[in-house]
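Spelled out, the chains give:
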Amino acid sequence: MPSALSRRGAPLLVALACLGVFAARARATELFVSNEIDDTVTVLNGDTYKVIATIPTDQRPRGIVETPDHKYVLVCDGDSGNIDVIDTRTLKVVRRLKTGPDPETLAMSPSGDKVYVSNENNALVTVINFATGKWIRQIPVGIEPEGLAVTHHGHTVVVVSETTSMAHFIDTRTWKVVANVLVDTRPRIAEFTPDQHLLWVSSEVGGTVSVINPRTHRIVHIINFHIPGVDREYIGPVGVRFTSDGRTAFVALGRANRVAVINAKTYRVEKYILVGQRPWQMMFSPHRRRLFVVNGLTNDVTIIDVPSLRAVRSVPVGRLPWGIAVVP
Amino acid sequence: MTVRGGFRILGLLALVVLTSASVSLPARAATGRAGLKTFSIVLLRKRYHFNPETLPSLLESHPANLGVAGAEEATYELNTAGKFIGWNFKLDVVTVPDGGNLVATAQQLLAHGPRVIIADLKANDLLTLADLPAAKQSVILDMRTIDDSLRQQQCRANVFHLLPSQAMRTDALAQYLVLKRWTRWFIIQGPTPQDAVYAADIRRSAMRYGAHVVAQKIYNYNPGSRRSDTGYQQIQTQMPLATEVNADYDVIFVADQTDLFGDYLPYNTFAARPVVGTQGLVATAWSPAYQEYAALQMQQRFDLFAHRRMTELDYGGWLAVRIVGNAVMRADITSPIPMRKYLRSKDFLVQSYKGQGLNFRRWDQQLRQPVLLMTPLMTVSISPQHGFLHPGYTTDTLGFDKPESKCHLH
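Residue numbers (my numbering), protein chains in the order written: chain S, 1 to 328; chain A, 1001 to 1410.
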């Protein structure tokens, strides 16, 4: 493309440069949504929400994250035992990392050198060197490990196990499990508050969120949800996200088809935002003004305007969408 | 209960079979050498005589560790969690031979006081156990029965029922049939008293949900030898005769608890109608084909452990051990009377692979739960169906609700 441009002369070149089309593709924010049934990742333009690409993956893509340098998006292919590495410029799968059986979800170290994978069937966390794809370690944890959280300094990785109902704290310097906190039934997601002082763990079947002090490994508060007209057994907290000031938390409530807005200081639920059916995973836009909620049963993503706390739009994606990564 | 659709049945796990003469009694909560507190769970079962040659299909089998394997798998799971927080669980399987002395074995088990006992016993034996004076203060987790009577007049304060009752099962099917508007039912009923109860449940479900029993027939079929060459020709002529009635119906609702003829009905009926009930589309707590709500992980774990497929009875055993584990690890309860209180409380919840936590109905100590509607290979649906509402739990639309309960525990 640059050689073609050079032949067209300088004025046009300047004009194009102003429009910012020098890159291989226009680089708006992009949303990457893994579709568990379709074996694809849908890529949406973050301004227009139009589908830019549908990328074929290996089987049963679920957990999805971007690398800290935004160059790649990694997606776990549960039934293939792989991670597909998608180049965010070309939107193609450029590498495939072996993970061991049934990788459900993953997280990266802050520097991006390591990938942490929860092997759902094997009660293991596999640590992979991202550059070489080699396994560094496998750490036995509880049964059906799922959500992973990594501290800013990278010294602690937390994984929750759905059947054992625990949050396991792993010290990445010794690869030892240093603490196990029993939470309510079927924990799905662990998320540190932005100041790292607390860890929130959602329990899908228990219907609660446990707030854990990561230094003492004690539960300091349990958040409950009461939604008029919705039976308690349908309230299944999964995804947890905080605004950057740490004051507000969003919790996706699964079959209650809502996202709870919680004052993260008082733990009071301030609002329930109606979204699509069975929201699990969520991710913010780069400045956290929008929250993207992935609705598994309605095959769409609900866009929540964060300042007004309103669902403003839904956009269709593939079948049984599971996770989302946002690349600025 | 049998393994249906189990294509590969490998070597059976060797069981610790303790006869009534050799019941060992490990301490119920003691501190072991690794600093772990040990909690031992007793699974009391009777090995009922069963002739596998009476199974209609070659794809069915009757492994010796049916049910027990589920409890063993759950014990392994508990210990995965327990090792992190200082508990070790031990499962003691006590098997009474068919014709053996259940009372003597139970009395030996209870000699040192009340216990937590998982019972893999049929209704009569379960009542025998529950009514022993020494068992009054015990907790008995019934992992096997589906009898309505045990949840109604014959309920006991020391017994908790884990699998859905027959009434829950017919209600689960009924909701689905009503949703489909297949509301004209023809009941074909086997000869056993259990079949009569099931047929009464079908009528009750029809009344509850606005369906109509347009015909009913008792069919006393003698299957004879199941393994005969060209036996299908006999069946092909007999089943149309059995299902010819002078009424227009949408489905055949079969009540054949002992598998005499129900499996012969599909595609052999007089009229082109689907078969539901004890065969055909069945209502169950578990099936090896069920994979929703992370059940896939459970199925794979079980297969790795037992080298066979997981049945409903295995699920009953699995649930029972997980329930005890919750009481011990979550509520720190190790003695029977507080455990009974805890199981009846709102604090109690057990994971089920049904998309929700389960607890007990206080009026009859039946575990409330969604019920699967399965063909041998596929999940068709899960009841309660959308739109069937209840002021408490939607799952209380299945089976005997509080106002209809004939169980008076206190």
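Read the hints as simulated data drawn from the structure, not as lab findings.
Be aware that a few hints might be false.
Restraint ranges, calculated between C-beta atoms of paired labels, are given here [said to hold, decoys possible]:
| id | chain 1 | residue 1 | chain 2 | residue 2 | range |
| --- | --- | --- | --- | --- | --- |
| 1 | S | ILE37 | A | LYS1402 | 49 to 55 Å |
| 2 | S | THR266 | A | HIS1408 | 41 to 47 Å |
| 3 | S | ILE37 | A | HIS1390 | 30 to 36 Å |
| 4 | S | ILE222 | A | LYS1180 | 39 to 45 Å |
| 5 | A | HIS1390 | S | GLN277 | 19 to 25 Å |
| 6 | A | HIS1408 | S | PRO194 | 54 to 60 Å |
| 7 | S | GLN196 | A | LYS1180 | 28 to 34 Å |
| 8 | S | GLN277 | A | PRO1240 | 43 to 49 Å |
Think of the CB as a built atom: it goes at the ideal place given N, C-alpha and C, for glycine as much as any other residue.
Hints the structure fails to honour: 1 and 7
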